[in-house]
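K.L.:
Our numbering puts the first residue of the sequence shown at -14, with every later residue one more than the last.
Hints were generated in silico from the structure; no laboratory data involved.
Check before you lean on any hint, since a few could be wrong.
To be verified - DSSO-like mimics (lysine-lysine), calculated; alpha carbons at most 30 Å apart, straight line: (1) 185 <-> 160; (2) 88 <-> 115; (3) 47 <-> 115; (4) 74 <-> 88; (5) 185 <-> 199; (6) 88 <-> 47; (7) 71 <-> 88; (8) 71 <-> 47; (9) 54 <-> 71; (10) 199 <-> 54; (11) 88 <-> 54; (12) 115 <-> 185; (13) 115 <-> 54; (14) 54 <-> 185; (15) 160 <-> 115; (16) 115 <-> 199; (17) 74 <-> 47; (18) 185 <-> 47; (19) 74 <-> 54.
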Amino acid sequence: MGREFLEVFSGWAEQYDSFVEGEDDQYREVFRGYDRILEEVVSRTGQQTIEFGIGTGNLTHKLIQAGRKVWAVEPSEEMRQLALTKLPKEVVIVDGDMQNYPKPPFAVDTIVSSYVFHHLTDDEKTEVLKSYAELLEPGGKVVFADTLFITPEARESIIEEAQDLRYDNLVEDLKREYYPLLSTVYSALSEAGFEDIGFKQMNAFVWIFEGTVKRTDKGE
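Sequences are here, hints too, so could you generate the full structure?
P.N.:
What follows is the structure, encoded as structure tokens:
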């Protein structure tokens, strides 16, 4: 994540886990199948990961349970403090975001995030993906889970439905932040030098998308 929406996100800290557990009607569909989404991300990772925007540490916890080494990056002090209560004491959480962060002291084979990528503008998305392609070794991956839309019309339809239901907070969120089209993400990954780009829809909002840094054994 960048820091444009840091104040909004930090204000969510105490309630965030109740949102992901489906206790808020407005965001129930956004977080439907939340554990399954995180587990799908973990299943696609290598052994040494950077996680951006760890929030309260839910994905981080699953990565560690799966035996992954994690460099945890989170810009919100409030979120970092909550995450520390869930995670093993040896886990280090650094202050940073998707654009500016302390580099890990180990080689990284996977970069992950969940519900974070939309905090960047479309141009910023492309730029950070280029920087990740440089950081990762050939064959390294990015694996993200976030809200995507197939078409602008699909995005407007979701917003109109939320308006009809008087989900004012969700409507404001969808209009304020930079939720991309699938084609935009595909182009950004491709331009950054990723291949084997794939998308999997997990609920009405969230997709998992990934790309692999081009392997030198292909003669490229």
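K.L.:
Look at each hint and say if it fits the structure.
P.N.:
Hints, verified against the model:
Distance restraint check for residue 185 and residue 160: the Cα-Cα separation of roughly 24 Å lies within the 30 Å cut-off, and the hinted pair is therefore satisfied. Of the supplied pair hints, the one linking residue 88 and residue 115 holds, its CA atoms being roughly 15 Å apart against a limit of 30 Å. This hinted pair checks out: residue 47 and residue 115 have alpha carbons roughly 27 Å apart, not beyond 30 Å. A C-alpha spacing of about 20 Å is found between residue 74 and residue 88, which places the hinted pair at or below 30 Å, so the restraint holds.
Only pairs whose Cα atoms come within 30 Å are accepted, and residue 185 paired with residue 199 is accepted, the gap being roughly 21 Å. Simply put, residue 88 and residue 47 have alpha-carbon atoms about 22 Å apart, close enough for the 30 Å limit, and the pair holds. Among the hinted pairs, residue 71 with residue 88 is consistent with the structure: their alpha-carbon atoms are about 23 Å apart, no more than 30 Å. A C-alpha spacing of about 11 Å is found between residue 71 and residue 47, which places the hinted pair at or below 30 Å, so the restraint holds.
At most 30 Å may separate the alpha-carbon atoms for a hinted pair to count; residue 54 and residue 71 meet this at roughly 16 Å. Restraint check for residue 199 and residue 54: the C-alpha separation of about 23 Å stays at or below 30 Å, so the hint holds. Straight-line distance between C-alpha atoms of residue 88 and residue 54 comes to about 14 Å, which keeps the hinted pair within the 30 Å bound. Our distance criterion of 30 Å between C-alpha atoms is met by residue 115 and residue 185, whose separation comes to about 22 Å.
For the hint pairing residue 115 with residue 54, the CA-to-CA distance comes to about 23 Å; that is within 30 Å, so the pair holds. As the CA atoms of residue 54 and residue 185 are separated by approximately 25 Å, the hinted pair is consistent with the 30 Å bound. About 26 Å separates the Cα atoms of residue 160 and residue 115, which keeps this hinted pair within 30 Å; it holds. Of the supplied pair hints, the one linking residue 115 and residue 199 holds, its CA atoms being roughly 12 Å apart against a limit of 30 Å.
With a C-alpha separation of about 15 Å, the suggested pair residue 74 and residue 47 falls inside the 30 Å cut-off, and the hint holds. For the suggested pair residue 185 and residue 47, the alpha carbons sit about 20 Å apart, so the restraint of at most 30 Å is met. Between residue 74 and residue 54 the CA atoms are separated by roughly 14 Å; this keeps the pair inside 30 Å, and the hint holds.
Hint compliance for this structure: every hint is met.
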